[in-house]
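Enquirer: Residues per chain are reported as follows:
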Amino acid sequence: MSADQITVHGAAGVHTVRVVLPAHLRVLAGVSGEVPVTVEGVVSTRSVLNALEADHPQLAGTIRDRRTQQRRAFVRFFACERDLSHDEPDSALPAAVARGTEPFLVIGAMAGG
Amino acid sequence: MSGVRVLVGTRKGAFVLTADGGRTTWQVDGPHFAGWEIYHVKGSPVDPDRVYASQSSGWFGQVIQRSDDGGATWQQVGGDFTYDGVPGEHQWYDGSLRPWEFTRVWHLEPSRSELDTVLAGVEDAALFRSTDGGGSWQEFSGLREHRTGPSWQPGAGGMCLHTIVAHPTDDQRMFVAISAAGAFRTDDGGNTWLPINKGLRSGEIPAGDAEVGHCVHRIAMHPARPDTLFMQKHWDVLRSDDAGDSWHEVSGNLPSDFGFTIDVHAHEPDTIYVVPIKSDSEHFPPDGRLRVHRSRTGGDHWEALTEGLPQANCYVNVLRDAMAVDSLDPCGVYFGTTGGQVYASADSGDSWAPIVRDLPAVLSVEVQTLP
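From first to last, the protein sequence lines stand for chains A and B. Under numbering that gives the first Met the number 0, the first residue of the first sequence carries the number 0, and numbering increases by one thereafter. Under numbering that gives the first Met the number 0, the first residue of the second sequence carries the number 0, and numbering increases by one thereafter.
Derived by calculation from the structure, the hints in this document are not laboratory data. Only true hints are included.
With the Cβ distance kept under 7 Å, some of the chain A side facing chain B (calculated, not the full set):
| id | residue |
| --- | --- |
| 1 | His23 |
| 2 | Gln57 |
| 3 | Gly60 |
| 4 | Thr61 |
| 5 | Arg65 |
| 6 | Phe73 |
| 7 | Gly107 |
Some chain A residues flagged as far from chain B (calculated, every beta-carbon gap over 12 Å):
| id | residue |
| --- | --- |
| 8 | Gly32 |
| 9 | Glu39 |
| 10 | Arg81 |
| 11 | Leu83 |
| 12 | His85 |
| 13 | Glu87 |
| 14 | Pro88 |
| 15 | Asp89 |
| 16 | Gly99 |
| 17 | Thr100 |
For every residue, glycine included, the Cβ atom is placed at its ideal position computed from N, Cα and C.
Build the full structure now, drawing on both the sequences and the hints.
Expert: Quick look at the structure:
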């Protein structure tokens, strides 16, 4: 794992973050493949999701609660082979995500039977 | 030639089944919203091309979809169901109090007169209305804030408002049913609500004839006789002839009076249909025989309708929103099963044939009679 996958970014400026959505949300958003979103300032879970929902309002309420902004229980956030689901939503994401070298993954939690 | 469109909600998507007035040859379109739970799909009485669908997922929450071409294409229109003010608390399974929390839309009821007006019954139990075609939703909070609200508690399926019956001519009157609170009526357009559970007796609650706490599964009405209501309760089939002020049991000779769905013939207000289920612990037909029961006397006297239905080794369920009637003559009757079959009768229930056999578990069936 490279250093920028471990260290958080602290850079100001404009960042293009690559978001990977689960299949159901790609259908709702009408997208295929990765979704680039533009984040100004700190790249955090909150700022990425804010940008994503601004570009794709169909996704409001599907990843986090509309009012509390809490992550929905069966949704997870991964990046750089780490589970970031329980990090504070305003914590900076890894520098590799901010640089766009690694994607930010929105995952539907495993369930089956 | 007129036709019918059957709107089917399932555990894994929605399906649109169409036929001409003969109702023998069907086209099957779907799945729409593949992989999502579709609790209900229903068309507008004002314009049959306007159809609403409740799309939900334990992962990704609630979405409302709208079609303006009879279900061929869809547009995501909204999904924000925010309780009015600070939600109170209701009983939880362990006896503790728990704040109202929105989970999903169980039932959509398009207005009889306004194209863009549609009601939604939701879990945790509340009633919402949209006047912009499903884009935004406002709660009728007088129901949730009823003085008995803190004593309401969920059934095994959640605390859901699953039944909405609008009065055919009086815009101020409406009936709803909640599991497991009971039936309620408004006479002022939804501002205030009256529990209408007198005559219900439920062995599952400490005081069997309590004002609320009954697990009403479904209410049906014929528009020509709006003071007469029929109810399938957890156990018991009941009837009211005074708009719910009082109820009396009409289970009569049913093989089991447990069940979920009930409906009324389109042209005969005293002809009603139920699908008896063995018990609350065995959600399948008695003796493995799938039988619709029809009463032509408004209850008490029932006949089993079996022609074309499996009479051995059948262990499916028929859920509360999974039966509907068309308004052709003879009346068509439709129901769906948790085994994925949708059955149709083009002769008021005398005989049945499957339209489809292998859909995902069917949650809801509605039918539109097309010009």
